[in-house]
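Novice: Here's the letter readout for the chains.
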Amino acid sequence: METITPTAAEATAPKPRRPSVISPGVDAFAIGMSDGASFLKRFFVEALWRPFHVREIIKQCYEVGYRSLPLITLTGFVTGIVFTKQSRPSLAAFGATSWLPGLITIALVRSLAPLVTALICAGKVGSNIGAELGSMKVTEQIEAMEVSAINPFKYLVVTRTIATTLMVPTLMLYCSFVGMAGSYLNVHGKEGTSLAKFLKAGFANISFLDVESSVTKSFVFGFTIGIISCYKGFNATSGTQGVGKAANASVVMSMFVIFIEEMLIVQIINWIRNW
Amino acid sequence: MALNPPPSAEVDPNAVISIRGLTKSFGDLDVLRGVDLDVQKAENVVVLGRSGSGKSVLIKIVVGLLVQDAGDVTVFGQHVHQLKRKDLDGMRRRVGFSFQHSALYDSMNVEQNLEFPLRMNTKGLSQGEVRDRIRDALEAVGLAGSLKQMPSELSGGQRKRIGIARTLILRPEIMLYDEPTAGLDPITSGEINDLINQVQENYHTSSIIITHDLTCARHTADRVAMLLDGRVLRIGSFDDVFDTDDPRIKSFHDYNFTRRDSP
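Protein chains in written order, with this note's numbering: chain P, 1 to 275; chain F, 1 to 263.
Hints were generated in silico from the structure; no laboratory data involved.
There is no bait here: all hints are sound.
So the derived list for chain F, only partly shown, Cβ under 10 Å to chain P, looks like this:
1) Ser102
2) Ala103
3) Tyr105
4) Asp106
5) Phe116
Glycine is no exception: its CB is placed at the ideal position from the N, C-alpha and C atoms.
Make the full structure from the sequences, and use the hints.
Specialist: Below you can see the structure in the form of structure tokens.
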């Protein structure tokens, strides 16, 4: 190989500052998008090749799923009760309180449960991943993996993103169930509706497409939370401030992208429904 | 007799690490401006320099954590920046890197910190063999009793030792130490210096030791390379390197070793 040896003049000459193409802000945004796209591409490349670190994926599924259960249980249950309480007066005005189970089930399965689960996971899991990887980055733990011939992207990013992708849909189904349980308790208390009647009325109003689209949506939300949080953590700048920023940016950007995805996916589902 | 390093020349075929004409900039800041350095087998080379002079950058380029702007680095005769991922990992398994702040995995205890790289890099080791390797590595650094401790429960010196044990567990042929005594008291620093020498003696490793601690340099160096203004200004034995009238090198020495009488 040819050895590249700069002359003394080359080595000591000051480097010209690269001018902004449009403006520093726009340039930074474009560079960020490009970095993000490279990160995404790398995820798919690394995820397809061995080793798969199955044990670490299971561990992360436990961290994401099991540890989020209390919060999802509480939020789902309260959402079910509150939504039922808020909907009752409107339906009662038309003497249609018997529609409550159907209304609640549709609202929970189609929209509330996926969105509530995704937002809770973005807050809890996203910040956790962003802070953990950010902290590992600034304390050189990621570099320590690299020099030990361990691929940190595969071990940290791929495993966590797969875990969130798998666990958010699972938590969404659980959240729907808990929300319906909360709603049932309220409906049973007020109208004396039996469980069998509640479930029959509820499930009569949803189709396979409703459940399937919500599960698909949750897969997308889970992937979004995982990949954005890992990206922010993996690219944390040095210092404790960098860790805080990474955790914060993980949550904010995940939520922002989830809302955009929700809007797009609802349009697509409605289009399929009318097709 | 201290030598001024020769200008960039051909790669030394006998050197385990050979660095030629290495340059690296960060934005407008030129950190390395043409570094030449060879490390021979079982030799400890100490790279001395001021804070921010690019010492750590140098060894990060050696293991491929950073990519140089120009110049060449060969490790075991392989051009580092040309290696594919698989070959780079193969090279890294033969090189141990001790980080300035130890970089222990803080979610794992000491045993898991040592087991993790071993499990990831060796196939077919029984549980007993893994335990033996961990015990050997911990005994080598004098911390056999700290298996279940978390990194947060260790002192600075202990963390350095565990960091070194974690690299020793893969039985490296080259050790790269980044500021091994930074932030430690003189007694603990002395123990780390002894440990570096023991590692060289017992494992026959070649080492680059990055430091600005002249006591560390004097105790561990077979050769000292003085890095100033992005270049190796002088290289040779400790005494030869400091046998100069260059005020920059003299002030570096005097700060550490000259007793300042009170006025």
